[in-house]
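Visitor: Each chain, letter by letter, is given below.
Number of protein chains: 2
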Amino acid sequence: MKWYLKTGPDGDVVISTRVRLARNITDYPFPSKMSPEQYQKVEQIARDALMESRIQPKHDFEYIDMARLTPAHAMSFAEKHLISPEFARERDGRALLLNKDETLSVMINEEDHIRIQALFAGMQLEDAFALADEIDDVFDEKLRFAFDENLGYLTQCPTNLGTGLRASVMLHLPAITKAGAMPGLANAVGKFGLTIRGTFGEGTAAKGAFYQISNQVTLGISEKEAISNLSGIAGQIITQEKAAREQLRYLPELEDKVFRSYGLLTNARLLSADEFMSLISDVRLGITLGIIKNKGLEVVNALLCDAQPATLMTTAGRNLDASARDQLRAQTVREKLA
Amino acid sequence: MKWYLKTGPDGDVVISTRVRLARNITDYPFPSKMSPEQYQKVEQIARDALMESRIQPKHDFEYIDMARLTPAHAMSFAEKHLISPEFARERDGRALLLNKDETLSVMINEEDHIRIQALFAGMQLEDAFALADEIDDVFDEKLRFAFDENLGYLTQCPTNLGTGLRASVMLHLPAITKAGAMPGLANAVGKFGLTIRGTFGEGTAAKGAFYQISNQVTLGISEKEAISNLSGIAGQIITQEKAAREQLRYLPELEDKVFRSYGLLTNARLLSADEFMSLISDVRLGITLGIIKNKGLEVVNALLCDAQPATLMTTAGRNLDASARDQLRAQTVREKLA
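Chains as they are written, first to last, in our numbering: chain R, 27 to 364; chain A, 27 to 364.
Quick caveat, the hints were computed from the structure, so don't treat them as lab data. Check the hints yourself; a few may be wrong.
Identical chains blur together in the list; that is why a pair holds if it fits in one copy or across any two.
[Stated by the list, open to error] Taking lysine-lysine and the DSBU-like style, the derived pairs with C-alpha atoms no more than 35 Å apart in a straight line are: (1) Lys-217 to Lys-168; (2) Lys-268 to Lys-321; (3) Lys-233 to Lys-204; (4) Lys-204 to Lys-362; (5) Lys-268 to Lys-59; (6) Lys-168 to Lys-84; (7) Lys-84 to Lys-217; (8) Lys-59 to Lys-250; (9) Lys-319 to Lys-59; (10) Lys-217 to Lys-319; (11) Lys-204 to Lys-126; (12) Lys-319 to Lys-362; (13) Lys-84 to Lys-28; (14) Lys-168 to Lys-268; (15) Lys-204 to Lys-84; (16) Lys-362 to Lys-321; (17) Lys-204 to Lys-32; (18) Lys-268 to Lys-319; (19) Lys-217 to Lys-321; (20) Lys-204 to Lys-168; (21) Lys-204 to Lys-67.
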């Protein structure tokens, strides 16, 4: 089963956990400086290193030539957070290695030669790191990574230098958001070398109170320290969100809002992406508070992927204009939620 | 069965038809000039004239001493259009005679001594007039009405002088309203001696596109002419509304709006009177266009009465503040519509 069809630990607040490692192969320039031949060569080397490794039988990685995907299909991977949006947009010379349950994705020739990503439902930082680390070891057995004794792993962008590790937790924080406490929280989080921003939609505006908190420091800190630091702060935010939800639990206005959003989602014939995010956020909160009883978080989590624009078009098997997408989104949501 | 639980001819556009006759008993001043003893006397005379008449077995009129009603109970009669709001507010010395299916109400000591009202579902002007006229005849057998050869029936307010007849049709005109054609229509209607205004809510603002069209001229015109004039114009408006609805039938935006309103009505936990009127108007339109298939107009028509503030309190058997009313309204609507 795909990871995003499950819920994990602290699933009422945490949608998913992601750990990403950036690696480059020595003797090759960074992707932005590579020739087409070098692109091909790096792709071949990285691909073989994993697909022919001892762990391939266990993980069953699929090789996906990004250049052969339609733009919508590529973007649907980004909507599931399996790849970066940039990786979906510029597909020439790039490849994706994806395991069966989609907990592991390896982007080849993104900003760095190899980006290993482990993605779990719920709060599972240690497990996600352990899995990414395991894949890193497999590559390390066959490839020589660009590494400096003092600096650590060398990466194209200096912000990744050192551990090359970016760990993030996708949080649903409707109660903290409603309480107006997000700006203060974002400020406090920054003081611990972390950053928090909206997960969906363009720019940094948080649609539906979904946020991503991640580490910013990669230099002069161990992987374990970075993970532990993020884990501690995220844990405090989870506690704070749960307490804030308790304050909302018995408000008639909240019950009303949750059911109205549910009523719109299960009846609307046209749903924009933004409205969907806002309404599903209310319904998700309602489920965690026991206001909506006949639906589980799994349905909501799956919809958070399935109702995104490119995923809708990929499912439909054709390009759709905004109005046709709004119609298909409404239909998809009704079928899953009604 | 109460009239408002039924639908009548042209029920997709016409909620109800009402004909009212204003009469005063000779030898008594108009109510505003009467002493308490005269109030009592007129009440007794009018009551006996009807309750002891030959038609009482057929119509089964109930005598209701308005002074004994709670304010909410009295106002709930006004919400069903059985009495005037003024009659509900000032209840001393006033009585209501109401037949079993509530198609006939006789207000004693309203602005005039006797006001006979016939109220039917759908477009039934002739039948409503015939019924009111029948009751008028019954009173006429026993009482001497104030009548002038030249002026006709004498009434307290000069606007009723002559026939003492006010006929009105309650129309649901969502398509004409959406098309922005109401101001022009109101203007045109005025040129035929008719007036059209909102039916629900304070003042003249039309809540939910429900309107009442009625005759203004009572002097120098026969009852039949007045009824026929109103019938003709109302018939044209009905035709116009039906044509305008056909324009809307296949708009995806309309289907979306109808279902959203249905979703809110069947899920909200708090519903204000104004929001209810606006949403039920969409649902009513959706039913007539076949967009909503599992509900009939009867349910909507009944809710138009049942969800009004005083009727809610009367059903609950106690006074409710605005927030408790909004809660009970939402519950009532959910139960009837879900």
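Visitor: Each of the hints needs a verdict: does it hold here or not?
Guide: Evaluation of the provided hints:
For the identical chains of this complex, Lys-217 and Lys-168 are neighbours neither inside a copy (39 Å) nor across copies (93 Å), given an alpha-carbon limit of 35 Å. Taking the closest pair of Cα atoms, Lys-268 and Lys-321 come within 35 Å of each other only inside a single copy of the chain (20 Å); across copies the shortest separation is 41 Å, beyond that limit. Both within a single protomer and between protomers do Lys-233 and Lys-204 lie at most 35 Å apart by alpha-carbon distance, with minima of 13 Å and 32 Å respectively. Taking identical chains as interchangeable, the C-alpha atoms of Lys-204 and Lys-362 lie at most 35 Å apart whether they share a chain (27 Å) or sit on different chains (33 Å).
Taking the closest pair of Cα atoms, Lys-268 and Lys-59 never come within 35 Å of each other, the shortest separation being 47 Å inside a single copy and 68 Å across copies. Taking the shortest alpha-carbon separations for Lys-168 and Lys-84, only the intra-copy value of 18 Å comes in at or below 35 Å, while the best inter-copy value is 101 Å. In the homo-oligomer, the alpha carbons of Lys-84 and Lys-217 never lie at most 35 Å apart, since the shortest distance is 41 Å inside one protomer and 85 Å across protomers. Taking CA atoms no more than 35 Å apart as the test, Lys-59 paired with Lys-250 passes inside one copy only; the shortest distance there is 32 Å, against 94 Å between copies.
Proximity of Lys-319 to Lys-59 under the C-alpha cut-off of 35 Å is found in neither arrangement, the shortest distances being 55 Å within a copy and 63 Å between copies. When the C-alpha separation of Lys-217 and Lys-319 is checked against a cutoff of 35 Å, the pair qualifies neither within a copy, at 39 Å, nor between copies, at 58 Å. Within a single copy, Lys-204 and Lys-126 get their C-alpha atoms no closer than 38 Å, and across copies no closer than 53 Å, so neither meets the 35 Å cut-off. For the homomeric pair Lys-319 and Lys-362, the shortest alpha-carbon distances inside one copy (15 Å) and between copies (21 Å) are both at most 35 Å.
For the identical chains of this complex, Lys-84 and Lys-28 are intra-copy neighbours only, at 15 Å inside a copy versus 72 Å across copies, given an alpha-carbon limit of 35 Å. For the identical chains of this complex, Lys-168 and Lys-268 are neighbours neither inside a copy (45 Å) nor across copies (76 Å), given an alpha-carbon limit of 35 Å. For the homomeric pair Lys-204 and Lys-84, neither the shortest alpha-carbon distance inside one copy (44 Å) nor that between copies (62 Å) is at most 35 Å. Taking CA atoms no more than 35 Å apart as the test, Lys-362 paired with Lys-321 passes in both settings, with 10 Å inside one copy and 24 Å between copies.
In this assembly of identical chains, the alpha carbons of Lys-204 and Lys-32 lie at most 35 Å apart only when taken from the same copy (27 Å versus 46 Å across copies). Taking the shortest alpha-carbon separations for Lys-268 and Lys-319, only the intra-copy value of 18 Å comes in at or below 35 Å, while the best inter-copy value is 42 Å. Proximity of Lys-217 and Lys-321 under a CA criterion of 35 Å is satisfied in neither setting, with 38 Å inside one chain copy and 58 Å between copies. Within a single copy, Lys-204 and Lys-168 get their C-alpha atoms no closer than 50 Å, and across copies no closer than 70 Å, so neither meets the 35 Å cut-off.
In this assembly of identical chains, the alpha carbons of Lys-204 and Lys-67 never lie at most 35 Å apart, being 51 Å within a copy and 64 Å across copies at closest.
Consistency note: the structure conflicts with the earlier hints numbered 1, 5, 7, 9, 10, 11, 14, 15, 19, 20 and 21.
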